[in-house]
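S.K.: Using the hints, position chain B against chain A.
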Amino acid sequence: MKLYFIALLSLNFFLFSCSSSDDSGPQAILGCTDSNAVNYNPNATESDGSCYFPTGYTLEIPQILDLLLPPLIPADNRLSVEGIALGRKLFYDPILSGDGTQACADCHLAENSFTDPRQFSIGIDGSIGTRNAMPLFNVAWNLDEKFFWDGRAISLEDQAFGPVVNPIEMNNTWPNAVASLQANAQYPGLFQEAFGTSTIDSTLVAKAISQFERTLVSANSRFDKFSIGTGTLTPSEENGLAIFMDEERGDCFHCHGNPNSPLWTDNDFHNNGLDSIITDIGLGEVTGDPNDNGKFKSPSLRNLAYSAPYMHDGRFETIDDVINHYSEGLNDSPTIDPLMKTVANGGVHLTDNDKADLKAFLLSLSDESFINNPDYQDPN
Amino acid sequence: MKKIVFLLAISFAFISCNSDDDSTPVNVDLVLNFTQNWDGTNVRSSDIDNTVYTNEMGHELKIARLRYLVSNITLTHSDGTVYNASDYNLIDLSDSTSLTYDTGMQIPEGAYTVSFVHGFNEADNIDAEYNDLNTAGWNWPTMLGGGYHFLQFDGMYNVNTVTPMPFNFHNGTARVSTDVFEQNFVNITLQNTINISATSVVDIQMNISEWFKNPNTWDLEVYDTPLMPNYTAQKLMQENAATVYSADTILIP
Chain A
1 MKLYFIALLS LNFFLFSCSS SDDSGPQAIL GCTDSNAVNY NPNATESDGS CYFPTGYTLE
61 IPQILDLLLP PLIPADNRLS VEGIALGRKL FYDPILSGDG TQACADCHLA ENSFTDPRQF
121 SIGIDGSIGT RNAMPLFNVA WNLDEKFFWD GRAISLEDQA FGPVVNPIEM NNTWPNAVAS
181 LQANAQYPGL FQEAFGTSTI DSTLVAKAIS QFERTLVSAN SRFDKFSIGT GTLTPSEENG
241 LAIFMDEERG DCFHCHGNPN SPLWTDNDFH NNGLDSIITD IGLGEVTGDP NDNGKFKSPS
301 LRNLAYSAPY MHDGRFETID DVINHYSEGL NDSPTIDPLM KTVANGGVHL TDNDKADLKA
361 FLLSLSDESF INNPDYQDPN
Chain B
1 MKKIVFLLAI SFAFISCNSD DDSTPVNVDL VLNFTQNWDG TNVRSSDIDN TVYTNEMGHE
61 LKIARLRYLV SNITLTHSDG TVYNASDYNL IDLSDSTSLT YDTGMQIPEG AYTVSFVHGF
121 NEADNIDAEY NDLNTAGWNW PTMLGGGYHF LQFDGMYNVN TVTPMPFNFH NGTARVSTDV
181 FEQNFVNITL QNTINISATS VVDIQMNISE WFKNPNTWDL EVYDTPLMPN YTAQKLMQEN
241 AATVYSADTI LIP
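Same order as they appear, the protein sequences are chains A and B. Under this note's numbering, the first residue of the first sequence is numbered 1, with each subsequent residue one higher. Under this note's numbering, the first residue of the second sequence is numbered 1, with each subsequent residue one higher.
These are calculated hints, taken from the structure and not from any lab test. Beta carbons: idealized from backbone N, C-alpha and C, even for Gly. One should not assume that every hint holds.
[Claimed, not checked] Some chain B residues well away from chain A (every beta-carbon gap over 12 Å; in silico):
#1 Thr24
#2 Thr54
#3 Thr74
#4 Val82
#5 Tyr88
#6 Ile91
#7 Tyr101
#8 Thr113
#9 Glu122
#10 Asp127
#11 Asp132
#12 Thr189
#13 Val201
#14 Pro226
[To be verified] Using 20 Å as the maximum straight-line C-alpha spacing, the simulated EDC-like pairs for lysine to aspartate or glutamate come out as follows:
#15 Lys359/A / Asp375/A
#16 Lys235/B / Glu238/A
#17 Lys62/B / Asp332/A
#18 Lys146/A / Asp92/B
Just chain A, with the same shape it has in the complex:
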């Protein structure tokens, strides 16, 4: 009985296979069918010989970042020499803005660790933002791929779409930005070299800028050198590290990394006790969950020497202000992170000496070679 049943089933398969092979199938879709090509078309069923391969670029992973999982390079936007060069040119070119006056780099300055020294950036028509620009480095190691202070972008490419059309930033439209690029003498050829097509679209712009941003790697601070055994710390800096790592004093490491997790951020979202009444709800606006109100992304503590002012709203002008906030200035609110354990007492109440040492340690995370790296400067 069983054998008979299986034979019947097999026969069904056989019939099914037959009808499949008799089918002439849908119309062939011409395109590049090689998934390694930059212009790979996943819908293409037949190669038309258009596959294009720019010069591959391998992101060098500094020794200290080798402690971590590898950086995330999307399969559909691998790094290329031509793509990075194009992204760098676009990053520094005001052509993307509505009136041709503002580039990404005007609010993300290399000398400031690619953030804005102003509390709020000013858009092309004078509009003032509500959050401090985020610094840009080691973004390929943000494996959760949530970008912006409130995590509203879900990839670096997605992030790059935002500022160009934000009315209080570059205030352009993508069709207009693309038309400007298409009409430019250089860009169609540069897109051809990077992506195998001179037909520009917003996706390719975002891809190129993201490629450049993924090459912004900071891993050469004095502390990095100490970690890999090629440098030393002062006693004050060493004591500052101990405060940072001490759950009874700084307890900074639960959100801001540690010597073995050297991004110096958890790339996660927390309410760190800035306000008792929350007006900018941050992550809560993105998730719609009131439990997320007042949560913002932990920024990396690398390059603080260059990236003032601090916090999502740039409210603190100095590192001392930041340390004083955690020491004495915490405010309770319904979504406070339980890691703000001393909120009932307003903070951890560090001594003046401990504050000075903690600051010294934080400044040892500054990477001068990063902000001065010639590969990151304006190519135009």
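M.R.: Chain B only, in chain A's frame:
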């Protein structure tokens, strides 16, 4: 061509027949689930910051974050064969991808017991050794013995009052005194037998309420935070860890 397909079909039929007649047990894919409950009520990511639980001491609390590490998960077949199912797993209540682990192994159907380590044993608890755990910031401070956290359970208690208080129930190597450390992992060997079949996955369960009651009734007013450098709190957690875990199989829906 048709003939080949027919022949293939026939061979499949024969293979199936052979299997049916054979007494060798069937190998099944080994998938581990990690679930959490509060005295039998499932705890899910949607309970984070929302659901109020009452612990043994009577404190009302909410869970903000629950991550824990289990290592050296082994399944021992009733015939004595030991299968190493996983080196280590970092489980995060908020991250559904961490709650299921396909071992990629196949093991025979049958009766098994489950054992594993809460945290890392001393041989495995090596500072900076695991890139994924470094990326997760799971490290335990060097001044406390280094290696990795075993547990990070954060939340607020007294949530029924006007002054909720934070707790940071973090577990790892215990510091006896400066530069003197004591291992703090727990070998968990579950006594019950589970029956693994093609239609089931292994479910490794944490009853979160057990952290607060067995054998030590936990008083959050005494031990809320900071607990990492607190030797007494660390050893109380180690004692309570023994009854936190259980295992079963659940049917694949």
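S.K.: Broken hints, numbered, in rising order?
M.R.: 10, 11, 14, 15, 16
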